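Trainee: Single-letter residue listing:
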Amino acid sequence: MALIHLSSPHVSKANSTARVMRLVLVAMLPALLALTFFFGWGSLIHIFLACTFALIFEAFALYLRQRSLRFFLSDGSALVTAVLLALAIPPMAPWWITAVGMFSAIVIAKHLYGGLGQNPFNPAMVAYALLLISFPIEMTQWNAPFVLLGDSWQALPSFSQTLAIIFNSPQALSLDAFTGATPLEVLKHKGSLTTEEIWRSSDVLSQAVFAWYGVSAAWLMGGIFLIYRKIMTWHAPLSMLVTLFILASLFYGGDPSNFADPFVHLGVGATMMGAFFIATDPVSGATSNKGKIVFGIGLGILIYVIRTWGNYPDAVAFAVLLMNLSAPFIDQYTQPRSYGHKQSTSTRGGSR
Amino acid sequence: MSRIFSFHGGIHPPENKKQSLGANIRLAPIPAQLILPLQQHIGKAALPCVAIGERVLKGQKIAEANGRISSSLHAPSSGVITYIGPQPVPHASGLESDCIVIDTDGLDEWSTLSPIADYLSMNKMDLINHIRDLGIAGLGGAGFPTDVKLHLGDDHIINTLIINAAECEPYITADDALMRERSDEILAGIEIIAHLLKPSHILIGIEDNKPQAIKALDQALRASTLNIDICVVPTKYPSGGEKQLIQLLTGIEVPSGSIPADIGIVCQNVGTTAAIYRAVFKGEPLISRVVTLTGYALGHRQNYEVLIGTPFTTLLEAAEVNRTTLFRLVMGGPMMGIGVNDERIPVIKTTNCIIAATEDEMPPALPAQPCIRCGMCEQVCPASLLPQQLFWFAQGREFDKAKQHNLFDCIECGACAYVCPSNIPLVQHYRFAKSEIRTEEFEQQKASHARIRFEARQARLEREAAEKELRRKERAEAAAKQQAERKLAEATPKELNSDEEKAAQIKQLKTAASVARTKLKKANDALKNAREKGLEGIDKLETTILLLEQKANEAQQAWIDAGGEQS
Numbered sequence: 001m002a003l004i005h006l007s008s009p010h011v012s013k014a015n016s017t018a019r020v021m022r023l024v025l026v027a028m029l030p031a032l033l034a035l036t037f038f039f040g041w042g043s044l045i046h047i048f049l050a051c052t053f054a055l056i057f058e059a060f061a062l063y064l065r066q067r068s069l070r071f072f073l074s075d076g077s078a079l080v081t082a083v084l085l086a087l088a089i090p091p092m093a094p095w096w097i098t099a100v101g102m103f104s105a106i107v108i109a110k111h112l113y114g115g116l117g118q119n120p121f122n123p124a125m126v127a128y129a130l131l132l133i134s135f136p137i138e139m140t141q142w143n144a145p146f147v148l149l150g151d152s153w154q155a156l157p158s159f160s161q162t163l164a165i166i167f168n169s170p171q172a173l174s175l176d177a178f179t180g181a182t183p184l185e186v187l188k189h190k191g192s193l194t195t196e197e198i199w200r201s202s203d204v205l206s207q208a209v210f211a212w213y214g215v216s217a218a219w220l221m222g223g224i225f226l227i228y229r230k231i232m233t234w235h236a237p238l239s240m241l242v243t244l245f246i247l248a249s250l251f252y253g254g255d256p257s258n259f260a261d262p263f264v265h266l267g268v269g270a271t272m273m274g275a276f277f278i279a280t281d282p283v284s285g286a287t288s289n290k291g292k293i294v295f296g297i298g299l300g301i302l303i304y305v306i307r308t309w310g311n312y313p314d315a316v317a318f319a320v321l322l323m324n325l326s327a328p329f330i331d332q333y334t335q336p337r338s339y340g341h342k343q344s345t346s347t348r349g350g351s352r
Numbered sequence: 001m002s003r004i005f006s007f008h009g010g011i012h013p014p015e016n017k018k019q020s021l022g023a024n025i026r027l028a029p030i031p032a033q034l035i036l037p038l039q040q041h042i043g044k045a046a047l048p049c050v051a052i053g054e055r056v057l058k059g060q061k062i063a064e065a066n067g068r069i070s071s072s073l074h075a076p077s078s079g080v081i082t083y084i085g086p087q088p089v090p091h092a093s094g095l096e097s098d099c100i101v102i103d104t105d106g107l108d109e110w111s112t113l114s115p116i117a118d119y120l121s122m123n124k125m126d127l128i129n130h131i132r133d134l135g136i137a138g139l140g141g142a143g144f145p146t147d148v149k150l151h152l153g154d155d156h157i158i159n160t161l162i163i164n165a166a167e168c169e170p171y172i173t174a175d176d177a178l179m180r181e182r183s184d185e186i187l188a189g190i191e192i193i194a195h196l197l198k199p200s201h202i203l204i205g206i207e208d209n210k211p212q213a214i215k216a217l218d219q220a221l222r223a224s225t226l227n228i229d230i231c232v233v234p235t236k237y238p239s240g241g242e243k244q245l246i247q248l249l250t251g252i253e254v255p256s257g258s259i260p261a262d263i264g265i266v267c268q269n270v271g272t273t274a275a276i277y278r279a280v281f282k283g284e285p286l287i288s289r290v291v292t293l294t295g296y297a298l299g300h301r302q303n304y305e306v307l308i309g310t311p312f313t314t315l316l317e318a319a320e321v322n323r324t325t326l327f328r329l330v331m332g333g334p335m336m337g338i339g340v341n342d343e344r345i346p347v348i349k350t351t352n353c354i355i356a357a358t359e360d361e362m363p364p365a366l367p368a369q370p371c372i373r374c375g376m377c378e379q380v381c382p383a384s385l386l387p388q389q390l391f392w393f394a395q396g397r398e399f400d401k402a403k404q405h406n407l408f409d410c411i412e413c414g415a416c417a418y419v420c421p422s423n424i425p426l427v428q429h430y431r432f433a434k435s436e437i438r439t440e441e442f443e444q445q446k447a448s449h450a451r452i453r454f455e456a457r458q459a460r461l462e463r464e465a466a467e468k469e470l471r472r473k474e475r476a477e478a479a480a481k482q483q484a485e486r487k488l489a490e491a492t493p494k495e496l497n498s499d500e501e502k503a504a505q506i507k508q509l510k511t512a513a514s515v516a517r518t519k520l521k522k523a524n525d526a527l528k529n530a531r532e533k534g535l536e537g538i539d540k541l542e543t544t545i546l547l548l549e550q551k552a553n554e555a556q557q558a559w560i561d562a563g564g565e566q567s
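Protein sequence lines correspond, in order, to chains A and B. Letter 14 of the first sequence, counting from 1, is numbered 14 in the UniProt record's numbering, and no numbers are missing. Letter 463 of the second sequence, counting from 1, is numbered 463 in the UniProt record's numbering, and no numbers are missing.
By construction, these hints were calculated from the structure, which means they are not laboratory data. Heads up, a few of these hints could be off.
[Unchecked claim] Simulated pairs of lysine to aspartate or glutamate, EDC-like, Cα-Cα distance not exceeding 20 angstroms: (1) B:Lys17 to B:Asp400; (2) B:Lys18 to B:Glu320; (3) B:Lys17 to B:Glu181; (4) B:Lys18 to B:Asp208; (5) B:Lys522 to B:Glu554; (6) A:Lys13 to B:Asp409; (7) A:Lys342 to B:Glu359; (8) A:Lys13 to B:Glu361; (9) B:Lys198 to B:Asp262; (10) A:Lys13 to B:Asp561; (11) B:Lys434 to B:Asp400; (12) A:Lys13 to B:Asp360; (13) A:Lys342 to B:Asp409; (14) B:Lys487 to B:Glu467; (15) B:Lys44 to B:Asp133.
As the structure is a computational prediction, the values presented were derived from the model and not from experiment.
Full structure from sequences and hints, please.
Mentor: Here it is in structure tokens:
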């Protein structure tokens with residue numbers, strides 16, 4: 001009788017890349033809800049746009065590379081990239097921002113390097129950095145959370161108004177009525193004011209900063225869910241957050257009137273998203289647990305340095321890209337100590 | 001109870017052990033034909049010591065251990081040897097290997113056994129040889145000849161004896177059943193090993209999913225005088241791996257490239273201890289073992305006492321296999337077992353389990369997706385390797401890097417492949433890389449061997465040439481010396497003995513003188529000719545002529561001196 005002959009192991013856990021990606025998508029739900037709650041329909045519309053573009057570009061790239069469309073489209077990795085980018089860009093940004101972003105993420109950052117698993121840089125962050133440099137105006141026009149516009153959620157543009165803004169129709173309301181600076185931008189351009197003065201004088205900081213805190217809390221929730229489900233480990237996020245917190249505390253402790261306090265650094269901007277959803281990207285990050293810690297520390301330092309002394313208010317994308325570059329190097333020197341060895345290979349020396 | 005440590009990684013696959021624990025160990029039928037591979041153990045294959053057509057009795061030796069690491073074979077039942085030659089055997093390669101085939105006669109007639117009444121008063125060497133003679137090999141999985149391990153006390157200080165009762169692979173319950181039903185035999189076996197190795201600690205490592213076996217061992221232990229600790233470890237695959245169990249029970253890691261005995265530890269499987277008991281107290285060779293027959297394609301999932309050499313077919317039929325649902329046949333556990341595609345293969349000493357799985361139970365592997373370096377494999381690797389990197393290197397044929405990343409510390413437990421979300425058959429990649437590296441090393445060894453031989457040959461040729469040259473020189477020197485002596489002898493005018501000799505000498509000198517004169521004349525002619533025609537080299541000719549003149553005069557003089565033309 002013909003029995004198939006296979007080598008061990010003969011069983012495997014019911015696990016798949018698609019399941020991993022699905023769980024990541026689920027973990028991004030709280031952030032989507034928080035963004036929609038505070039900033040309106042924009043994020044939802046952009047997610048829809050981004051997913052559509054992502055699947056089209058992915059299918060296009062797979063077709064050009066003569067790969068199985070069904071097999072690779074079903075892994076869900078393009079959707080994760082799409083949702084990440086859609087949640088990172090300003091909710092009222094025009095539609096073509098997402099289109100350009102998805103093209104650079106899927107076609108350039110992912111498939112030109114060989115597709116899933118081969119990209120040295122995080123595709124969503126490549127797209128974000130490219131957009132930020134190419135279209136600084138569109139990319140910095142964050143609409144203000146509803147608390148600054150009126151008493152309730154009603155003050156935000158309606159779904160149809162949002163659609164009109166995103167598709168830039170002539171009937172659209174002027175975007176300027178809704179947009180404002182983000183807390184990090186306010187802090188960046190505080191000029192000669194001290195930190196306390198800017199907190200008092202800026203509406204964004206004194207009244208609305210909790211909107212950003214809320215979004216960060218939502219990202220944090222999603223991240224903890226993923227760690228709990230063992231989709232990722234705590235190493236990179238925790239080391240990044242702790243590093244950022246320590247650095248911010250040191251400078252804030254030394255000169256509170258010139259530096260933002262550490263909780264602002266953790267609570268606003270893309271810190272939480274970066275820590276749990278970008279720094280943990282396995283493809284472009286460091287691989288061993290030790291390596292992930294080093295990777296996270298590097299991210300924390302770079303984010304603080306770029307935020308504080310750089311030209312851009314937020315820094316997660318640039319920090320991630322720089323650390324992606326260093327990941328192979330980190331991997332070389334952070335191999336774990338294997339069973340029965342006194343030292344890890346990297347510290348053992350000798351020929352490599 | 002001693003402290004339990006932990007090891008890195010590990011997985012919790014579904015245990016699937018309950019199915020086969022419903023009934024006691026049952027005796028499997030004697031098959032019409034027993035097939036006994038000569039190689040059932042690690043080391044060299046045994047050498048047959050019977051001939052085709054010979055009738056053998058149950059327990060009679062049919063193949064002799066060949067070398068230090070080898071094991072002998074015995075007839076599991078009485079019958080006639082009908083064939084010695086290649087047959088399909090349980091091996092991952094699926095290749096055939098030499099076997100002895102016995103057509104059983106159903107009488108199951110024992111040969112005379114020689115039990116040892118009082119092993120304590122026996123010479124240890126003789127006791128170990130007795131165990132070796134009865135073909136005892138490790139029943140845990142590797143089939144390492146037991147006597148070799150019992151000799152470890154000779155050149156190592158053994159302070160800890162670990163009895164491996166973890167049985168961490170899913171489905172397998174052979175050791176569990178054995179402990180439940182024959183814990184006294186196991187204890188007696190342990191006492192024999194302890195007598196031989198004299199360890200200061202004896203630890204039995206057992207997973208906490210075998211409460212009845214623990215209870216049975218505990219009870220048996222009460223009757224024993226030995227100080228044995230039963231160490232209950234948490235159920236986690238692969239806690240039964242030798243290195244992992246050592247780490248669990250002692251907190252010590254076996255250094256890479258060493259054996260446990262180097263750190264004072266010897267491990268034995270529980271099944272082996274029972275086999276040692278039988279060998280010593282009953283004189284029975286290793287001719288049967290407990291095998292778990294399980295999987296949902298079987299009607300009776302339970303443990304059987306099976307004669308070594310019984311074909312799988314006999315067992316599957318005894319367990320009422322449903323051939324319509326049978327999809328996969330595995331020897332061993334689902335994590336490290338060997339896929340079998342020919343059910344005629346026999347049970348060997350290391351066959352602890354046969355899984356007849358349905359398609360639902362062990363579905364075919366899904367197509368592999370690209371590795372996303374998620375690191376789940378790294379989190380479960382009991383050897384603390386970086387499986388994702390090893391995979392990368394194996395795929396890219398960067399074997400040096402794979403070796404640098406400690407590929408050879410991989411125990412092929414399969415935990416990485418089990419958790420891989422991309423369904424990558426990681427263990428296969430590692431096996432491939434390992435075999436490639438081994439082949440490469442073998443080739444290198446061969447090449448360096450060839451180089452050494454070439455260099456040796458070259459050196460030999462040079463040496464021979466030098467010797468030849470030396471001999472030639474010696475000969476030349478000797479000849480030169482001889483000639484010089486002769487010349488000297490010629491120079492000193494000899495008293496010539498007879499007139500004849502004298503006349504001969506004069507004649508010789510006369511000839512020389514005339515030859516010299518002729519040469520001079522020719523040279524003069526040449527000179528004249530050259531002058532007439534104005535050719536070059538006249539000076540040279542002139543000097544030659546001067547020289548020839550001198551020689552001619554000398555020859556003339558010599559001839560005159562010798563007495564020629566005296567008148």
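Trainee: Against this structure, judge whether each hint is valid.
Mentor: Here's how the hints hold up against the structure:
no.: 1; hint: B:Lys17 to B:Asp400; verdict: 41 angstroms, violated
no.: 2; hint: B:Lys18 to B:Glu320; verdict: 18 angstroms, holds
no.: 3; hint: B:Lys17 to B:Glu181; verdict: 17 angstroms, holds
no.: 4; hint: B:Lys18 to B:Asp208; verdict: 14 angstroms, holds
no.: 5; hint: B:Lys522 to B:Glu554; verdict: 18 angstroms, holds
no.: 6; hint: A:Lys13 to B:Asp409; verdict: 24 angstroms, violated
no.: 7; hint: A:Lys342 to B:Glu359; verdict: 44 angstroms, violated
no.: 8; hint: A:Lys13 to B:Glu361; verdict: 12 angstroms, holds
no.: 9; hint: B:Lys198 to B:Asp262; verdict: 16 angstroms, holds
no.: 10; hint: A:Lys13 to B:Asp561; verdict: 120 angstroms, violated
no.: 11; hint: B:Lys434 to B:Asp400; verdict: 11 angstroms, holds
no.: 12; hint: A:Lys13 to B:Asp360; verdict: 13 angstroms, holds
no.: 13; hint: A:Lys342 to B:Asp409; verdict: 13 angstroms, holds
no.: 14; hint: B:Lys487 to B:Glu467; verdict: 30 angstroms, violated
no.: 15; hint: B:Lys44 to B:Asp133; verdict: 15 angstroms, holds
In terms of the numbered hints stated before, the structure departs from hints 1, 6, 7, 10 and 14, listed from lowest to highest.
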